[in-house]
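Protein chains in written order, with this note's numbering: chain A, 1 to 312; chain B, 313 to 624.
Keep in mind that the hints are not guaranteed to be accurate.
What the hints assert, rightly or not - Here's a subset of chain A near chain B, in silico, CB distances under 10 Å, partners left out:
1) Met1
2) Gly65
3) Ser129
4) Gly142
5) Val144
6) Gly153
7) Thr164
8) Thr165
9) Cys173
10) Gln177
11) Thr236
12) Pro241
13) Met243
Rather than coming from a laboratory, the hints here were simulated on the basis of the structure.
Bear in mind that the values here come from a model prediction, so they are computed numbers and not experimental data.
The C-beta atom is built at its ideal place from N, Cα and C for all residues, glycine as well.
There are 2 protein chains.
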Amino acid sequence: MPVSYVVALDVGGTSMKGGLVTFSGEVTVFPGRPTGRERGPEAAVANIRSYVSELADAGSRSFGGAPAGVGLAVPGIVSATVALYSANIGWRDVPVSAFVPAGLPAALGHDVRTGGLAESVFGAGRDVSDFLFLPLGTGIAGAVVLAGEPYGGAKGWGGEIGHTTVWPDGEKCACGQHGCLETYASAGALTRRYATRTGDAATAKEIVERAPDDACAAEVLGDAIEALAISLASYTLLLDPAMIVIGGGLGEAGPVLLDPLAERLAARLAFREPPPLRQSALGVRAGMLGAAILGWRAAGQPTWSPDLRSVL
Amino acid sequence: MPVSYVVALDVGGTSMKGGLVTFSGEVTVFPGRPTGRERGPEAAVANIRSYVSELADAGSRSFGGAPAGVGLAVPGIVSATVALYSANIGWRDVPVSAFVPAGLPAALGHDVRTGGLAESVFGAGRDVSDFLFLPLGTGIAGAVVLAGEPYGGAKGWGGEIGHTTVWPDGEKCACGQHGCLETYASAGALTRRYATRTGDAATAKEIVERAPDDACAAEVLGDAIEALAISLASYTLLLDPAMIVIGGGLGEAGPVLLDPLAERLAARLAFREPPPLRQSALGVRAGMLGAAILGWRAAGQPTWSPDLRSVL
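Taking the hints into account, I'd like the entire structure generated from these sequences.
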């Protein structure tokens, strides 16, 4: 009898990560590949479909049968059945069936919210039901997890914490507003702001490492942490989360980032305790593992919750 | 046969409003009275219990029997069965049974969230399921309504939008933080900031009326509107509400406040449409009418939804 598994895909603006996840929680991660958006949205859809087919073929060979379902985390505005809009990739109203071989149950999720779902089901948020998942990458968006599920708002535009205002008269953001969190605290902001001051194209990771001995790196990192503290204080006052889970590439800095952030967050919350800050348990695989959950749900297994300690 | 009705109470920090609400939606509003917090939290509880008893007696005389239930909207941190903490009144861990005559089904709700529930069930938010209810009173707190119900967060501290930061280096707030929304946009802030500039103890309503011809009133009102625009833009980006319902005494200013606010909110949302702004449909009775809903739920009528057009 073939082993049950799903195909899981995390589609980013520039690259995608794929994997196979069995019902018992075994994860096979495949080499990523470019999304190929530079050849237009239709080419990107074809690219994704071809990657899904290759993963399904590899699964058939390894596990002895077709996948039970397919889950895809995609950027932009998304429902479970339609990729409505992506500014990065340029598509509009692409049905989930366009991404998968005929006949396979499949579901779509918003990339960051799908990562939040994975952290909720078996990641850093598994013991609480209400938290913020905040991956700090090239840009910043968050997953508002309520009652264990990511919440997208009335029309699916929710979670855009990266463009909430921190300093109303601050630096101009690519979005057209001023003083957005993303303008100060994303990995992209760290590299841009450090390069402007020094002419040195250091990565966000290098800037964090240099901060103890480099005044300019310390200043740029300090601004990022203060911006995060202001924004997370507002989030906390508004939604009283049980926890804040920091992820993304910059989140992997760990205590160097989280310890001073916890201190400044407490300082910005005069009349209440701050929620604990946790580092993402799933790291850059959060989106793909969340896509696996969506794939299992599409396959009719809503309560699937594998033991993934092996990949954590 | 006696007519079914509930006793509904909206308990504020300084005064309380009570009413009787029949199952068919007839509302009898009673004269309010002081909460009496200056004599201590136990006296306030006794005061509330005595007011509930008087309302129940009046109901018995009018409708021919005991109330089906009692609903109470109270300030602070609240569960359905315990008033956990109120900074204003000073109580801790008061069970709902302390507020009502023995044997009556009763439920508690957070004052602002109870008002949001009323706006959700038969007020300005009745046609949408996800919105913000924002009463602008002496202070500012909001009700985050999700899927038709007010959301209090992991521990009941949610909705404190009045203390989210608007200008991080701004004026000091009574809460100990700097630049809170409440410091600029509450009715209390308008009167304080206008009095500081002019020595004139005008009410918030008077300041709004003077703004067209009084540069100082215009400046203070303009700061309030800009603060609201920044804060509501962040709320919108985070939670993508279908609507924002402005209530409270200051909210009754109507278009004079809402029209410029809608314009500035749109200006603060570069890449998405703003949600519509609506004036509260229930006004200062929102908390009491929400308490009636809680009373009907405690009495076992969870789907009760009266025709209250007569009181709107």
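To see whether the hints hold, each was checked on the structure:
{"no.": "1", "hint": "Met1", "verdict": "violated (41 Å)"}
{"no.": "2", "hint": "Gly65", "verdict": "violated (39 Å)"}
{"no.": "3", "hint": "Ser129", "verdict": "holds (8 Å)"}
{"no.": "4", "hint": "Gly142", "verdict": "holds (8 Å)"}
{"no.": "5", "hint": "Val144", "verdict": "holds (7 Å)"}
{"no.": "6", "hint": "Gly153", "verdict": "holds (2 Å)"}
{"no.": "7", "hint": "Thr164", "verdict": "holds (4 Å)"}
{"no.": "8", "hint": "Thr165", "verdict": "holds (5 Å)"}
{"no.": "9", "hint": "Cys173", "verdict": "holds (8 Å)"}
{"no.": "10", "hint": "Gln177", "verdict": "holds (5 Å)"}
{"no.": "11", "hint": "Thr236", "verdict": "holds (8 Å)"}
{"no.": "12", "hint": "Pro241", "verdict": "holds (6 Å)"}
{"no.": "13", "hint": "Met243", "verdict": "holds (8 Å)"}
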